[in-house]
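**Q** Here is what each chain is made of, one letter per residue.
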Amino acid sequence: MQARGTVFRYGDNVDTDVIIPARYLNTSNHKELAQHCMEDIDQNFIKQVKKGDIMVADRNFGCGSSREHAPIAIKESGISCVIARTYARIFYRNAINIGLPILECPEACDGIKAGDVVSVDFSTGTITNETTKKVFHSEPFPPFMQDLISSGGLAGYIAKRGQQA
Amino acid sequence: MGMTMTQKILAHHANLPSVRAGQLIMADLDMVLGNDITAPVAINEFPKFGKKTVFDKDKVALVPDHFSPNKDIKAAEQCKCLRTFAGEHDITNYFDVGQMGIEHALLPEKGLVGAGDLVIGADSHTCTYGALGAFSTGVGSTDMACGMATGQAWFKVPSAIKFNLTGSFAPYVCGKDLILHIIGMIGVDGALYQSMEFVGEGVANMNIDDRFTVANMAIEAGAKNGIFPVDEVALAYLKEHCPKEPVIYEADPDAEYERVIDIDLSKIKSTVSFPHLPSNTRTIDEVGEVRIDQVVIGSCTNGHISDLRQAAAILKGRKVAKHVRALIFPATQEIWKQAMHEGLFDIFVDSGCAVSTPTCGPCLGGHMGILAEGERAVSTTNRNFVGRMGHVKSEVYLASPAVAAASAVAGYIADPNKVEEV
Numbered sequence: 001m002q003a004r005g006t007v008f009r010y011g012d013n014v015d016t017d018v019i020i021p022a023r024y025l026n027t028s029n030h031k032e033l034a035q036h037c038m039e040d041i042d043q044n045f046i047k048q049v050k051k052g053d054i055m056v057a058d059r060n061f062g063c064g065s066s067r068e069h070a071p072i073a074i075k076e077s078g079i080s081c082v083i084a085r086t087y088a089r090i091f092y093r094n095a096i097n098i099g100l101p102i103l104e105c106p107e108a109c110d111g112i113k114a115g116d117v118v119s120v121d122f123s124t125g126t127i128t129n130e131t132t133k134k135v136f137h138s139e140p141f142p143p144f145m146q147d148l149i150s151s152g153g154l155a156g157y158i159a160k161r162g163q164q165a
Numbered sequence: 001m002g003m004t005m006t007q008k009i010l011a012h013h014a015n016l017p018s019v020r021a022g023q024l025i026m027a028d029l030d031m032v033l034g035n036d037i038t039a040p041v042a043i044n045e046f047p048k049f050g051k052k053t054v055f056d057k058d059k060v061a062l063v064p065d066h067f068s069p070n071k072d073i074k075a076a077e078q079c080k081c082l083r084t085f086a087g088e089h090d091i092t093n094y095f096d097v098g099q100m101g102i103e104h105a106l107l108p109e110k111g112l113v114g115a116g117d118l119v120i121g122a123d124s125h126t127c128t129y130g131a132l133g134a135f136s137t138g139v140g141s142t143d144m145a146c147g148m149a150t151g152q153a154w155f156k157v158p159s160a161i162k163f164n165l166t167g168s169f170a171p172y173v174c175g176k177d178l179i180l181h182i183i184g185m186i187g188v189d190g191a192l193y194q195s196m197e198f199v200g201e202g203v204a205n206m207n208i209d210d211r212f213t214v215a216n217m218a219i220e221a222g223a224k225n226g227i228f229p230v231d232e233v234a235l236a237y238l239k240e241h242c243p244k245e246p247v248i249y250e251a252d253p254d255a256e257y258e259r260v261i262d263i264d265l266s267k268i269k270s271t272v273s274f275p276h277l278p279s280n281t282r283t284i285d286e287v288g289e290v291r292i293d294q295v296v297i298g299s300c301t302n303g304h305i306s307d308l309r310q311a312a313a314i315l316k317g318r319k320v321a322k323h324v325r326a327l328i329f330p331a332t333q334e335i336w337k338q339a340m341h342e343g344l345f346d347i348f349v350d351s352g353c354a355v356s357t358p359t360c361g362p363c364l365g366g367h368m369g370i371l372a373e374g375e376r377a378v379s380t381t382n383r384n385f386v387g388r389m390g391h392v393k394s395e396v397y398l399a400s401p402a403v404a405a406a407s408a409v410a411g412y413i414a415d416p417n418k419v420e421e422v
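First to last, the sequence lines map onto chains A and B.
Following our numbering, the numbering of the first sequence begins with 1 at its first residue and continues without gaps.
Following our numbering, the numbering of the second sequence begins with 1 at its first residue and continues without gaps.
Chain B with its partners taken away, still in its complex shape:
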């Protein structure tokens, strides 16, 4: 029987000629990632595995991005824990404030993930790297510690759902709308334990940032990973960033899928997830009037340069509504610099937005944009659970950068196509 893209990568890393869904395997890891929340727990567990040092100092990445720049003394202690461990073990890929970016934008940008790689990260959005044809998945701190010690992890080989994409997006519609649409359709556990494989002629019409966004939120459908084929768009990105030779896996023609879902990208509308689940979606024409207090544009989901460009296209020459705080979080230092050189910061600041250094900050209710009781945010982040961005009685509405920017101007959730009418 044929294998999916994911199954081929797993088989290769387990040194097996083939694998099938449900099989338990032990696989070699190309990269093990942790951040300032998950890595301290892993570092604490690490000595218990009986190894003096990490399996490969070039294949561990430590990124203090969640509560940094340090938000309080306890957060500072956690970041110090990473810094000390990185120093003791001579970790090559430790990125402190100044080099730091949001981990899932940073690792691809630094060329630390290549096509065909197998990556685990103690962060659920590690699945982002599927955009580059890698198998990557989120794990917990104990798995991270075990990975750092042994260079291996065990996996249950996943079955898969195939998403057959055709067409191209309408104006102001992007990868975020596609993945919210999918989660709305299949539910927050619709792909539980499975791979989401995105194929079809429509893939060529999605830029690499759209693909990062889609793969990033595979976890919000419960998936183990999301993955795209390695085409010219992916190869161009890899050529610019990653020194490794890409290893390309294509699904076999007779690969088995639990479900095949056809999606015409031209039919996707701007989509918003209402509180308190990413699956609670409405298209922009069904939203009604929802007054907002804050807009967040950024995160590992939508902090890439194309996201910032989309937001800037709408904010240019317009003002953020008086009662709205609009916060922009470029995902990495490089993206920050690029946005600055392209003049996007002039647009943001002139419109009344605040531009931050890269951090996960508000996405998880950490710092830099916490909501008070009763407040509502439109956010380009990935989760809208109860209390996610602050007070237990605050609300998060997930949307694309274009919808977020239009909403910032309108002061209520707004259609980017109708921003002229605001």
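With the rest of the complex left out, here is chain A:
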């Protein structure tokens, strides 16, 4: 499993209210949610994001509400991976559960700027900044979590296991 794309770079405490403002939570339609992703801190995000792009942030990414709409909006916008120093716990759980790969790697956060092209290998945890040629290492996902993410999330993973049993 791999990801490769251009980086959108954010700071500390990116909360779920700016990832997807509550005024848009009267729908759970993924495409509608994605149209408003990040708009309260970065109106250009949704205009510029391309499939496969990567989001990099600092501490406590995804703090605030438990809305699963937040990782859903990020994933649906085309983002293939989030890299941050730390995550708020509910966001972390939700991202994994819906199959959005997210990595904790403070060193990579130090060495990645907006606009850099970054590739990620989830099986080894290797993060490569192709722009600066720097390589970083995060904890790789264990095999079950790689399987869970490639199944599109917890529900798909459990359904698949049910079929195999």
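Read the hints as simulated data drawn from the structure, not as lab findings.
Treat the hints with care, since some could be wrong.
[Stated by the list, open to error] Each pair of labels, with its calculated beta carbon distance range:
#1 B:E256 with A:F144: 27 to 33 Å
#2 A:G125 with B:D252: 35 to 41 Å
#3 A:K51 with B:N417: 56 to 62 Å
#4 A:I41 with B:I73: 26 to 32 Å
#5 B:V247 with A:Q35: 21 to 27 Å
#6 A:T131 with B:D28: 45 to 51 Å
#7 B:P47 with A:F144: 19 to 25 Å
#8 B:V392 with A:S150: 32 to 38 Å
#9 B:Q338 with A:M1: 51 to 57 Å
#10 A:M1 with B:A372: 41 to 47 Å
#11 A:D121 with B:D28: 35 to 41 Å
#12 A:G152 with B:E289: 50 to 56 Å
Positions of the beta carbon are idealized from the N, C-alpha and C atoms, including for glycine.
With chain A held as given, fit chain B onto it using these hints.
**A** Positioned in the frame of chain A, the structure of chain B alone reads:
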């Protein structure tokens, strides 16, 4: 090695003799909660888990409280989704408008959470029930769907911070000031992945509503849960509301804590969180002159009867400043009725406040009190992130009901002790 209160509850529900911080466990759930924003996503996911119906129709609670009474057609469709699912699965604890209250005030009031219970809710403020000695934590919609299908959830056992409380609050200081003070001290990720355990002789001096407020905002410090010991105050509340026998867990004397923080409640001052983080706190004497446009008193954090009484004590015989809209949101129908019978509504309306039916409404910028560009609100709610209550260039200042009421009268952020001077 000894266990914390939280670890004991988790061990019991995982059917294990003991657990340690960092351990991954699968635990049985006593209640699974969702609202009109999170439950539709869970209901959509539910069939994918391959179960025809919920694990226990008495252990699922559905509360359409966020955008209800329905604020628009899309919100109406989401509430309808809950109503239909509740009907199809014969969910006992579905509370529509008329019975509905803000979920985290409603569940304890209806006796749906007992001491020693393990509760998950697809709402981050589910941690409120720690006030009753329960382990409760917020999760997302997929976890809620999985919980409804299987009656179980996985957890990573948290380590803990111990808050050793002594003394009692000064006049007009309450649980809200304590938790804002703590978040200001440790930061919005100061308790990330951890439990916040509140103990010490000072706990006895906090009423149950203060404890609900403190546990409610544990998430704003990044915590997994906040929890209080089950003492006479908690037992009195449980006896009045919950038919279940309380199961009381005390931390072992040799339980391990990452940090121990001593707090003398008598030293806590009225505290205000400035935009745009709950950790951006100032004590009331450091606030300066901040002119405001709106005051919101209510929410899952501060919509309890003692909160309304505090606000009424200040508003009695006074008028809300001309340029301020003051909105009061009792958290449940029962609290609403009690406030009415106590004459609080006369005080609120005579002073120029509007009193609403229970709803989460303005707290998350949903409806019933949205801010325009450049407007400022003093609010007893729990978050002041960018755009939280409306326009991206509006501002929310978090405070206690007493500070909010004093500010409504003054027209700027005001010290309740100085309201005479306004």
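**Q** Mind checking the hinted window 56 to 62 Å against the Cβ distance between A:K51 and B:N417?
**A** The hinted range 56 to 62 Å holds for A:K51 and B:N417, with Cβ atoms some 58 Å apart.
**Q** 32 to 38 Å was suggested as the range; check whether the CB atoms of B:V392 and A:S150 agree with it.
**A** Since B:V392 and A:S150 have Cβ atoms about 36 Å apart, the given range 32 to 38 Å holds.
**Q** For A:T131 and B:D28, compare the CB-CB distance with the range 45 to 51 Å and indicate the outcome.
**A** 49 Å Cβ-Cβ, so the 45 to 51 Å window holds.
**Q** Per the hint of 35 to 41 Å, is the separation of the Cβ atoms of A:G125 and B:D252 within bounds?
**A** holds (37 Å)
**Q** Does the Cβ-Cβ separation between A:D121 and B:D28 fall within 35 to 41 Å?
**A** 38 Å Cβ-Cβ, so the 35 to 41 Å window holds.
**Q** Confirm or reject the claim that B:V247 and A:Q35 have a C-beta distance inside 21 to 27 Å.
**A** violated (47 Å)
**Q** Okay, A:M1 versus B:A372 on CB: inside 41 to 47 Å?
**A** At roughly 46 Å between Cβ atoms, B:A372 and A:M1 fall inside 41 to 47 Å, so the hint holds.
**Q** Taking the Cβ atom of B:P47 and the Cβ atom of A:F144, is their distance within the range 19 to 25 Å?
**A** Given range 19 to 25 Å: holds, Cβ gap about 23 Å.
**Q** Just tell me: holds or violated, for the beta carbon distance of B:E256 and A:F144 against 27 to 33 Å?
**A** holds (29 Å)
**Q** Return holds or violated for the Cβ distance of B:Q338 and A:M1 against the range 51 to 57 Å.
**A** holds (56 Å)
**Q** If you check the beta carbons of A:I41 and B:I73, does the distance land in 26 to 32 Å?
**A** Cβ of A:I41 to Cβ of B:I73: about 28 Å, so the range 26 to 32 Å holds.
**Q** Taking the CB of A:G152 and the CB of B:E289, does the distance hold inside 50 to 56 Å?
**A** Hint holds: Cβ distance 53 Å, inside 50 to 56 Å.
When each numbered hint is compared with the structure, a violation occurs for hint 5 only.
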